[in-house]
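**Q** Order-wise, the sequence lines are chains A and B. Going letter by letter, the first sequence gives residues 1 to 89 in our numbering. Going letter by letter, the second sequence gives residues 1 to 430 in our numbering.
Be careful, since some hints might not be right.
[To be verified] Here are the simulated PhoX-like cross-link-like pairs (lysine-lysine), alpha carbons at most 25 Å apart as the crow flies: (1) Lys416/B / Lys404/B; (2) Lys24/A / Lys169/B; (3) Lys265/B / Lys231/B; (4) Lys66/A / Lys24/A; (5) Lys265/B / Lys24/A; (6) Lys343/B / Lys169/B.
By construction, these hints were calculated from the structure, which means they are not laboratory data.
The chain contents come next:
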Amino acid sequence: MLLIECPHCGPRNSSEFSYSGPIKPRPSIEGLAPEDRAEWRRYLYEEDNHAGFATERWFHVSGCRKFLNIERHSVTNEITSVLTVGEVS
Amino acid sequence: MRQGEPTLAKQAGRTGRKFSALSLIRKGMRGGDWPRVWRHHDLAPTYDVVIVGGGLHGLATAHYLAQNHGITNVAVIEKSYIGSGGSGRNTAIIRSNYLTPEGVAFYNRSVHLFERLSQDLNFNVMFEQRGHMTLAHSDASLRTMRWRAEVNKLQGIDSEVITPEEIQKLVPLMDVSGQARYPILGALWHPPGGIARHDAVVWTYARSADAQGVHLHMNTEVTGIDVKGDKVVGVRTSRGDVSAPIVINCTAGWSSIISDMVGVKMPIHTRPLQAAVTEPVKSFLDPVIVSGSLHVYVSQTARGELVFGAATDPFASYSTRGSLEFIESLAGHVLQLMPSLAKLRLLRQWAGLCDMTPDFSPIIGPTPVDGFYVDVGWGTYGFKAGPVAGEQTAEAVATGRIPKLIEAFQLDRFEKGTLTGEKGAAAVGH
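Whenever a hint applies, use it, and build me the whole structure from the sequences.
**A** Written out as structure tokens, the structure reads:
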């Protein structure tokens with residue numbers, strides 16, 4: 001069980017949120033031939049999956065329905081920062 | 001095995017380590033210690049092959065390298081104790097009724113290896129083929145079951161769709177009334193499926209690898225892998241450095257981290273999968289029951305405990321802590337299927353790490369780094385594949401060619417866009 005400190009709703013159980021994984025920069029494929037899209041394939045499939053802190057995208061689906069950027073440790077599950085997407089902290 | 005060579009059982013017999021009813025009685029009468037099942041060795045400076053990870057896959061690979069290919073200058077390096085990772089945390093289910101032809105052929109080979117394992121390696125792994133039943137709760141999932149049954153039958157595998165009446169005969173406690181929130185409309189029935197004693201499977205491969213000269217190094221952590229140019233030259237461990245031209249990553253849970261040591265990125269994210277076990281009760285449940293829609297699987301061990309498994313946790317993590325949410329939803333789902341279990345108490349829960357790939361299929365074979373092989377990406381199907389993965393990895397390493405059974409499971413499939421799409425995996429809801 002994981003407690004997430006939502007900036008809008010306060011401390012909530014992680015089961016209220018949906019998880020979509022670590023944030024990766026999305027490469028541009030404009031004007032690329034299909035055989036030159038290795039970078040795009042890496043974006044689609046490769047995962048960093050390291051043991052340590054990562055910034056992830058979560059969605060407070062049963063709460064304020066805001067998208068959040070959460071920095072979480074993948075071994076201890078410790079959360080160090082929760083920010084609303086698009087808002088300056 | 002080559003003809004004319006002594007069988008493994010004979011080799012073991014010469015060293016006084018063959019198990020039989022007679023040896024058990026003799027030992028019981030005389031008392032005294034049993035010989036150690038595997039030995040301790042000092043870390044040698046050089047090995048032909050270093051296997052990272054002393055679980056079922058690493059040990060099976062070591063065994064088949066020695067038995068099928070005569071490669072015995074092998075080290076298995078394990079951070080903790082033998083079988084302490086996924087091999088000791090799974091729910092021990094074995095089956096081959098998958099959905100893709102590649103998956104079916106691969107897992108079916110594993111079922112055949114399991115069928116002979118106790119005899120071949122002189123160690124009882126308690127493989128019981130009690131049948132495997134996947135329930136369908138909707139028309140859509142019933143359609144998928146029919147599809148799976150046809151794919152299975154094409155390859156000669158015993159697999160068919162059965163009706164609620166037939167389910168009731170096989171599992172009298174099952175609620176097939178149609179009154180449940182998720183009514184049972186039918187099931188995919190797979191008689192060769194079953195369960196085995198997962199620790200015994202690990203120990204039998206460890207014992208047999210050791211008897212053939214493989215070095216098992218427990219409590220030894222791999223801290224780095226040395227690469228020269230684009231070729232593997234050795235590994236660094238907590239007990240010293242070892243040089244080796246071939247390194248095989250047989251870890252689960254930590255496979256991305258080991259592959260990162262040589263700069264090979266994996267299409268894997270790691271999630272915990274929780275399981276639980278009840279107090280032992282009188283035997284009442286013969287087959288293994290699975291419900292994809294309710295995300296639960298149930299089997300009863302020889303000791304009488306019910307073993308429950310579920311879907312992976314909703315977010316990626318290397319943490320193996322259990323959660324109350326899991327146990328609550330699990331209990332609710334089990335009671336949907338068998339309401340009369342309401343008074344049964346849970347003894348314990350635990351979690352193992354699943355390396356999920358985008359297509360629910362493993363990654364077995366060479367990587368862009370010469371000499372660095374992987375046998376990873378074991379999501380929810382690693383235990384049942386242990387023997388075949390070991391056999392095929394050993395063949396790929398020894399011959400330098402990719403065997404037919406694992407052609408579909410190469411790392412470059414993500415580059416080529418030829419994913420396997422195994423929707424028959426336990427993690428996929430129907």
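**Q** Give a verdict on every hint.
**A** Comparing the hints with the structure gives:
no. : hint                : in the structure
1   : Lys416/B / Lys404/B : holds, 18 Å
2   : Lys24/A / Lys169/B  : violated, 52 Å
3   : Lys265/B / Lys231/B : holds, 16 Å
4   : Lys66/A / Lys24/A   : holds, 19 Å
5   : Lys265/B / Lys24/A  : holds, 14 Å
6   : Lys343/B / Lys169/B : holds, 23 Å
This entry does not satisfy hint 2, going by the numbered hints stated previously; all others are met.
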